[in-house]
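From first to last, the protein sequence lines stand for chains A, B and C. Under our numbering, think of the first position of the first sequence as 8, with each following residue one higher. Under our numbering, think of the first position of the second sequence as 1228, with each following residue one higher. Under our numbering, think of the first position of the third sequence as 3, with each following residue one higher.
Simulated from the structure, these hints should not be mistaken for laboratory data. Don't take every hint at face value.
As the list claims (entries may be wrong) - Here are the computed lysine to aspartate or glutamate pairs in the DMTMM-like style, where the Cα-Cα straight-line distance is at most 20 Å: (1) B:Lys-1278 <-> C:Asp-153; (2) A:Lys-207 <-> B:Glu-1399; (3) A:Lys-174 <-> B:Glu-1443; (4) C:Lys-388 <-> C:Asp-411; (5) B:Lys-1492 <-> A:Glu-220; (6) B:Lys-1493 <-> A:Glu-334; (7) A:Lys-197 <-> B:Asp-1368; (8) A:Lys-204 <-> B:Glu-1491; (9) A:Lys-279 <-> B:Glu-1494; (10) A:Lys-207 <-> B:Glu-1395; (11) C:Lys-193 <-> C:Glu-207; (12) A:Lys-23 <-> B:Asp-1396; (13) B:Lys-1492 <-> A:Glu-245; (14) B:Lys-1242 <-> A:Glu-334; (15) A:Lys-279 <-> B:Glu-1380; (16) A:Lys-207 <-> B:Glu-1379; (17) B:Lys-1461 <-> A:Glu-138; (18) B:Lys-1492 <-> A:Asp-256; (19) B:Lys-1493 <-> A:Glu-220; (20) A:Lys-23 <-> B:Glu-1334; (21) B:Lys-1493 <-> A:Glu-245; (22) B:Lys-1413 <-> A:Asp-256; (23) C:Lys-141 <-> C:Asp-153; (24) B:Lys-1242 <-> A:Glu-139; (25) C:Lys-44 <-> B:Asp-1355; (26) B:Lys-1428 <-> C:Asp-411; (27) B:Lys-1428 <-> C:Asp-148; (28) A:Lys-82 <-> B:Asp-1396; (29) C:Lys-110 <-> B:Asp-1240; (30) B:Lys-1296 <-> C:Glu-207.
Remember, predicted model here, so these are calculated numbers, not experimental data.
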Amino acid sequence: MNFEDYQGIWVFIEVKDGEIVPVSLELLGAGKQLADKRDSELAGVLIGENVKHLANTLYEYGADTVYVYDDPIFKDYRTESYMKALLECCQKYKPEVILYGATSTGKDLASAVATDLPTGLTADSTILDIEEDTGLLLASRPAFGGNIMATILCKKYRPQMATVRPKVMKALTPEPGRTGRLVEETASIKEEDIRTKVLKIVQHTTKKIRIDEADIIVAGGKGLGNQKGFQLVHQLAETLGGAVGASRDVVEAGWVGHHHQVGQTGVTVTPKIYFAIGISGAIQHIVGMQNSGLIIAINNDPNAPIFQSSHYGIVGDAFEIVPLLIEQFKQAFNREVVDHV
Amino acid sequence: MLHIVACIKQVPDTKIIKMNPKTNTMDRASAPAILNPYDAHAVEEAVRLKKRYGGTVSVLTMGPPPAVKAIRKCIEIGADEGYMISDRAFAGADTLATSYALTKAIEKISKIKPVDLIICGKMTIDGDTGQVGPGIARRLDMPPLTSVNKVEEINQQEGYAVVHRKLEDGYEVIQSTMPCLMSVEKEINDVPYSSMTNMLKAARYQPIIWAVADLEGIDRVQLGLKGSPTIVSKVWAPTKPSGGTMLEGDPGEQAEKLLNVLLEKKELFTVKGGDNS
Amino acid sequence: MSEKFDCIVVGAGPAGISCAYELAKAGVKVLLLERGEYPGSKNVMGGVLYRKMMEDVIPEFWKEAPLERPVVEQRFMMLDKESAVTFGYKGMEWGQEPYNNFTVLRAKFDQWFAGKAVEQGALLVNETVVLECIVENGKVVGVRTDRPDGDLYADVVVLADGVNSLLAKSLGFHKEFRPDEVALATMEIIKLDKKTIEDRFNLEENQGTTIELFGDATKGILGTGFLYTNKDTLSIGVGSLLSGLIKHKIKPYELLEYVKNHPMIRPFIAGGEPVEYLAHMIPEGGYHSMPKVAGNGVLVVGDAAQLVNAIHREGSNLAMTSGQLAAETVLLAKEREDYSEHTLNHYRSRLMSSFVGQDMKKYKDSTHHFDKFPQYFDKYIPMMNKAASQMFTVDGSSKWEKQKKIWKDVGTAGEKLKLARDAYRAWKVMK
Ligand SMILES: Cc1cc2nc3c(=O)[nH]c(=O)nc-3n(C[C@H](O)[C@H](O)[C@H](O)COP(=O)(O)OP(=O)(O)OC[C@H]3O[C@@H](n4cnc5c(N)ncnc54)[C@H](O)[C@@H]3O)c2cc1C
Ligand SMILES: Cc1cc2nc3c(=O)[nH]c(=O)nc-3n(C[C@H](O)[C@H](O)[C@H](O)COP(=O)(O)OP(=O)(O)OC[C@H]3O[C@@H](n4cnc5c(N)ncnc54)[C@H](O)[C@@H]3O)c2cc1C
Ligand SMILES: Nc1ncnc2c1ncn2[C@@H]1O[C@H](COP(=O)(O)O)[C@@H](O)[C@H]1O
């Protein structure tokens, strides 16, 4: 394997319902820094049906080149078809690095591609860097349940691959009108070679604000005692117009569904305001919310680690503070609304 | 009759693992070794499918000798047979080398009894990657089905399976040919309290253990540390953000101070807050 | 399905394990049931393992058992609020084979010991709670567990379920404890660097010290405390009679916090990090509260039979010996094919003629004695401290004068007489 042949930073562009998934844009932002350091090109690999037009957005977010596989066969994500396209693209254009979002799709695809190439794959990275001279990717990630951070290297193989957690990297400010090079490709895969079919896609239709999109999250932990106590979180969330988040212990206790879990094994969130009520602040939880705009913690234990990670802290009993807050907030808000008129 | 192989791993319970703050190393001895929690769900799903369609469940692990304990745990859940590959040559494997070794073992198991379905956990709590399952699938040229949170149907006659794959905001229903490999989410099932019959069986159970030499046509270069493209170059403690302002006073005062903080961001609340008042 | 065993042993502590070990060794089909995740996971013990009784079960066990440190020094500290009188013995002969005794951590030790029983052929099932004995026609024929299809049958059931033995109670073998029959002990395991431990306790590498604490360790409530050195941890704990705790309205962990902050103790544990907290009961009723230990198809061993020497805080050794004796009796019953109370009662006689019975009798009044006369703890120990302080303070007065003063401080002639009488009494119950 001649490492010289492998050049450029690639990002697998995930498309959902005809739109680019945010993590892909974030990765273009991260990829741009790596590409600049290596003085090489940043490319997006765009696979799907009727996706070609999305290339323009990718240029605006920093891509120099977009490899596109636009074909009805790629209508739905399926491991075999997408993998085949990406493998062929890889073999033809030999990138130095490929980044994927650590989503169901990104992780699935990356694992398959890594095995077939074969090459090393670092999962769930949260920090990326590259050695300017050698092109060695330094992908760092939490390991052992978040107890440690580890930097993973892949010295003997190219391309180097990593999946990256959503919401960890920052997308560039789009540069309207920026353009790049479009490389249209066709994959050799045929429908009859693919052994899976997507029968249907079911979207959760709940009106509830999704926590990874919410501006305000009110999250509760084991400190609320039981499911009934946890209602306090729902109440505050409703009053503030926010989404409900939870620690893993709460989810495991069944007080609230899985998709509310914030943290390493849940969702990473970056709301403008994050409330942590009765949450101790285990590192696995912290990694999922530490980039929030404003973090407010309420905990009756002055030594709870959560206070280390919050902008404002209240030592006190949630059952006392939160109802007071709800009441005062409602009052104040009435005043505000009246003032505005 | 289905033959299902569940891949399982013994892991340190990372929830209670202790770190040496000076050296940043893990005191592995401080954490008891447990069956990877996700894998318990994998085995349970295999057992449920066995009950639904008939067949046998084998579990497979690669690990050091004490991992026999994890196999016994699986027998408690209801697995019929346990295989373990254990050899110094496997040590230090990353996901690529692990999936290679496990694939070789599955090939050998298939010779004893053809394998229809492989089930893995979503991920291990020490490796945290979720890459081993799909890796095995690719090597055995089976369709990998990741993030499975429901098995709707298995039709052995016609050779297909229908499963739900969890997505960020819902799920998709996939039909795949068999044999295939699934990695399953935790919510796919609840692992019930094992019956006494299974407990006694497990207490007596001796797994089948293979060393590298027992696996045919194995390429030693692809095993363990040697066969692992990734290496860990540096380990450090995650940085903890430093604390902010504490809002003091009696509960009423605290709430009021907090309210003032919130009111600084009042643009966030205008619409929804008003509705509620 | 309900499988039948020759013998089912409930509880994998020292008593249950040694019983199962002996039976398995003799080829008996034995099942050992434990409710914890693994043997030792729920067990509490300050941590002195006596070599002799363990050796009776597994000769030269020290060559492979996970022991912490062989004990080369035993100290006794009589604490007052800000002082202590210490005495003890240290001997290097205790640092060599066959050793005298060892500190152990039960979580490790029990697991290993149970593994040895399994090697002998015992079947061990963890994470299973025995709910009750199955009794048919006045005879125990098996046990009911909390698992689906969880009934199990056996010729004989050995109850080794520890101090609170709900099972023996449900058979009516003994009554609910009176608060003055059990002590509540709390302990902590404190992590401390190996080298620091050896420096602080003045130890050679891998040797251990035990310190027994009296007096102010329990704020004057009847009870004792201890501080033992493990490999890289310390075990510190206090125990006192439930009745005392109730009377003084003090919570057990408060007592533990108190000892940990005692000026005589604090320096030993300074800088250590508590890694485990445990609480447990110790039966202290002595000989008088021993329950019935044999019935039709059933035997009771170890703490479940209240076999604890409260004064010397020995228990694991009595437990092991009782387990062994129970095993011998089961073998006898098997030979006779008779598991009636009549045959099984051989266990009781063997027990009573062994050191277990001897010790139980010898100390039969000790706890009660100290309980009835609190002055030992709240008066004499402080007095001793004061005396020592006066004796050793160099202030120009002669030793003779000092002794005269100390004797005067004891009080009036009546009080002096009382002291003499109490000393005699204490000597009598302990001797
Ligand atoms: C591999 C791995 C992955 C993990 N992933 C995640 C993850 O994604 N997300 C996650 O959250 N966790 C995760 N965890 C679990 C994590 O380690 C913690 O166990 C968990 O976050 C603790 O939840 P908690 O803070 O709700 O509960 P606890 O730790 O029990 O904290 C409860 C808190 O409530 C406080 N409290 C009690 N009563 C009151 C009251 N009346 N008023 C106010 N405060 C009160 C207490 O002081 C305490 O600080 C993971 C663990 C591992 C090992
Ligand atoms: C703080 C403290 C310090 C001590 N220090 C010492 C010391 O230094 N040296 C010494 O020799 N002794 C000491 N002892 C006493 C000693 O710990 C006990 O005497 C000894 O453990 C008794 O052994 P056992 O097997 O009878 O009971 P245990 O060790 O209590 O074992 C009983 C077992 O039965 C299990 N069990 C209970 N109920 C059920 C059920 N229903 N179903 C299934 N399983 C069940 C329990 O989980 C447990 O594993 C100390 C005790 C305490 C509390
Ligand atoms: N050493 C191993 N032995 C058997 N199965 C394993 C091993 N390592 C990983 N697996 C399987 O692969 C899944 C994903 O593991 P990982 O990629 O390490 O997160 C696990 O849930 C197991 O089902």
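A quick look at each hint next to the structure:
no. : hint                     : verdict
1   : B:Lys-1278 <-> C:Asp-153 : 23 Å, violated
2   : A:Lys-207 <-> B:Glu-1399 : 6 Å, holds
3   : A:Lys-174 <-> B:Glu-1443 : 45 Å, violated
4   : C:Lys-388 <-> C:Asp-411  : 9 Å, holds
5   : B:Lys-1492 <-> A:Glu-220 : 18 Å, holds
6   : B:Lys-1493 <-> A:Glu-334 : 16 Å, holds
7   : A:Lys-197 <-> B:Asp-1368 : 17 Å, holds
8   : A:Lys-204 <-> B:Glu-1491 : 51 Å, violated
9   : A:Lys-279 <-> B:Glu-1494 : 11 Å, holds
10  : A:Lys-207 <-> B:Glu-1395 : 15 Å, holds
11  : C:Lys-193 <-> C:Glu-207  : 17 Å, holds
12  : A:Lys-23 <-> B:Asp-1396  : 11 Å, holds
13  : B:Lys-1492 <-> A:Glu-245 : 17 Å, holds
14  : B:Lys-1242 <-> A:Glu-334 : 38 Å, violated
15  : A:Lys-279 <-> B:Glu-1380 : 43 Å, violated
16  : A:Lys-207 <-> B:Glu-1379 : 13 Å, holds
17  : B:Lys-1461 <-> A:Glu-138 : 15 Å, holds
18  : B:Lys-1492 <-> A:Asp-256 : 30 Å, violated
19  : B:Lys-1493 <-> A:Glu-220 : 19 Å, holds
20  : A:Lys-23 <-> B:Glu-1334  : 37 Å, violated
21  : B:Lys-1493 <-> A:Glu-245 : 15 Å, holds
22  : B:Lys-1413 <-> A:Asp-256 : 14 Å, holds
23  : C:Lys-141 <-> C:Asp-153  : 16 Å, holds
24  : B:Lys-1242 <-> A:Glu-139 : 37 Å, violated
25  : C:Lys-44 <-> B:Asp-1355  : 30 Å, violated
26  : B:Lys-1428 <-> C:Asp-411 : 71 Å, violated
27  : B:Lys-1428 <-> C:Asp-148 : 17 Å, holds
28  : A:Lys-82 <-> B:Asp-1396  : 18 Å, holds
29  : C:Lys-110 <-> B:Asp-1240 : 17 Å, holds
30  : B:Lys-1296 <-> C:Glu-207 : 34 Å, violated
Going through the hint list in order, the structure does not satisfy hints 1, 3, 8, 14, 15, 18, 20, 24, 25, 26, 30.
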